[in-house]
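J.: Next come the chains, spelled out residue by residue.
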Amino acid sequence: MRVRLTVNGEQRHADDVWEGESLLFLLRERLGLPGSKNACEQGECGSCTVYLDGLPVCACLVAAGQAQDREVRTVEGLATGDPARGDRLDPVQEAFLAAGAVQCGFCTPGLVVAAHDLVERVPHPTDREIREALAGNLCRCTGYEAILAAVRLAARWKAGR
Amino acid sequence: MDFLRPDTVAEALALKAERPEAVPIAGGTDVMVELNFDRRRPAALLDLTRIAELREWSAGDGVVRVGAGVPYARIITELGDRLPGLAMAARTVGSPQIRNRGTVGGNLGAASPAGDAHPVLLAAGASVEVASTRGRRLVPATDFYLGVKRTALAPDELITAVHVPETGAPQQFSKVGTRNAMVIAVCSFAIALHPAQGRVGAAVGSAAPTPRRAADAEAFLAGELADGDRWASPRPLPDPVVRRFGELVASAASPIDDVRGSAAYRRHALSVLARRALGWAWRDYTGEVG
Numbered sequence: 001m002r003v004r005l006t007v008n009g010e011q012r013h014a015d016d017v018w019e020g021e022s023l024l025f026l027l028r029e030r031l032g033l034p035g036s037k038n039a040c041e042q043g044e045c046g047s048c049t050v051y052l053d054g055l056p057v058c059a060c061l062v063a064a065g066q067a068q069d070r071e072v073r074t075v076e077g078l079a080t081g082d083p084a085r086g087d088r089l090d091p092v093q094e095a096f097l098a099a100g101a102v103q104c105g106f107c108t109p110g111l112v113v114a115a116h117d118l119v120e121r122v123p124h125p126t127d128r129e130i131r132e133a134l135a136g137n138l139c140r141c142t143g144y145e146a147i148l149a150a151v152r153l154a155a156r157w158k159a160g161r
Numbered sequence: 001m002d003f004l005r006p007d008t009v010a011e012a013l014a015l016k017a018e019r020p021e022a023v024p025i026a027g028g029t030d031v032m033v034e035l036n037f038d039r040r041r042p043a044a045l046l047d048l049t050r051i052a053e054l055r056e057w058s059a060g061d062g063v064v065r066v067g068a069g070v071p072y073a074r075i076i077t078e079l080g081d082r083l084p085g086l087a088m089a090a091r092t093v094g095s096p097q098i099r100n101r102g103t104v105g106g107n108l109g110a111a112s113p114a115g116d117a118h119p120v121l122l123a124a125g126a127s128v129e130v131a132s133t134r135g136r137r138l139v140p141a142t143d144f145y146l147g148v149k150r151t152a153l154a155p156d157e158l159i160t161a162v163h164v165p166e167t168g169a170p171q172q173f174s175k176v177g178t179r180n181a182m183v184i185a186v187c188s189f190a191i192a193l194h195p196a197q198g199r200v201g202a203a204v205g206s207a208a209p210t211p212r213r214a215a216d217a218e219a220f221l222a223g224e225l226a227d228g229d230r231w232a233s234p235r236p237l238p239d240p241v242v243r244r245f246g247e248l249v250a251s252a253a254s255p256i257d258d259v260r261g262s263a264a265y266r267r268h269a270l271s272v273l274a275r276r277a278l279g280w281a282w283r284d285y286t287g288e289v290g
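Sequences listed follow chains X and B, in order. Note that full-length UniProt numbering has the first sequence beginning at 1, numbered continuously upward. Note that full-length UniProt numbering has the second sequence beginning at 1, numbered continuously upward.
Read the hints as simulated data drawn from the structure, not as lab findings. Any given hint could turn out to be false.
[Said to hold, decoys possible] Which residues of chain B face chain X? A few of them, derived with a C-beta cut under 10 Å, are:
(1) MET32
(2) ASN36
(3) ARG41
(4) ARG101
(5) HIS163
(6) ARG212
(7) ALA215
[What the hints assert, rightly or not] Quick list of simulated restraints, FRET-style, between CB atoms:
(8) THR178(B) with CYS141(X): 19 to 29 Å
(9) ARG4(X) with GLU56(B): 24 to 34 Å
(10) THR8(B) with MET1(X): 14 to 24 Å
Just so it is clear, CB atoms sit at the ideal spot from N, CA and C, and this is done for glycine as well.
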């Protein structure tokens, strides 16, 4: 089947989509957006977190066909402009860099999207709120301390903007 | 495989009547796992997420009708006051990502004994609204769960809503797991006080082939509360009453040993959960009335 959707502000479509495939597969394998990571395929790890109509979801648990006519925003869509040409990363991404909140990096895109959602919704999140917001994202390197530091930093930057 | 995309309940029911083998999908938190792991290859998926009616809730006559497609995140933010027990259970579901997608309708459709909403629906005295082209009917939650992942739903029927009494009285939900997030309950317990009816609803999850009410515990506690007119002039409950309630809740379960816990552990944990939840609910009630 053909699936049409908006991804990071652009109208996109894919053909020959298998009816049982996930939005994650559609994004990575058909639309060339490998930022969202594929790990557990059962909603446990959060590595595939994307915005669907403005809400963070596990892309592995959304059927590709359910994204028809919907708006998806992936980690690739958080930075404005082209970071390769010196344009700005999102403050959450900058904060992950500044705090060294990346070890192997596999969980990072999902964590960045989940953290982005938190700091957009909650201007001054408490540590409890940060932990709760990131409860669906696993980091196997166990780099959580630096991740918490990054989210605190991102929240401060956003509040001070 | 076909991907069916109805825009209205009527369209969905017509499709389900024509294709009873079609598997309904809403939040996808169960169905997509089965697809991703090649455990299931249904002939068709019936996507219910485009149907606005399923995503609405309304309140009237002391009952809240929650559309089957209202995600847990909205139950928490919009129904915490009216349906405190359901909102408590909703807060323990999965993770923020899962709560943005998962629905009570999906919990009922999957009918896992471990589903978080079930004990609350049983304790609150909820009914499940199911529909087909033959019409709509209300199935009391107590009659809905027939076995492990088996329900009273006919092949041509869809779950359209749950009707949950708005009791205005304390409710509690408690669950045991290895951490707060992303936990399939080792066991769970819900209690709902129904002062207007002089009764108590109590139910266990993840401790029997189906979620089930703890009828003996309910009757025992209702008797104790009627005795000495505790509903009208509430006082702290004597410890032996609380302990006996916990024992009766535990004896309502028929748990198994599995990877999440042993049967003996589940029985013990249920008695603890029941004592604590009763203590919290009764303390809240005493604070409100006393």
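J.: List, from low to high, the hint numbers that the structure doesn't satisfy.
T.: 5, 6 and 7
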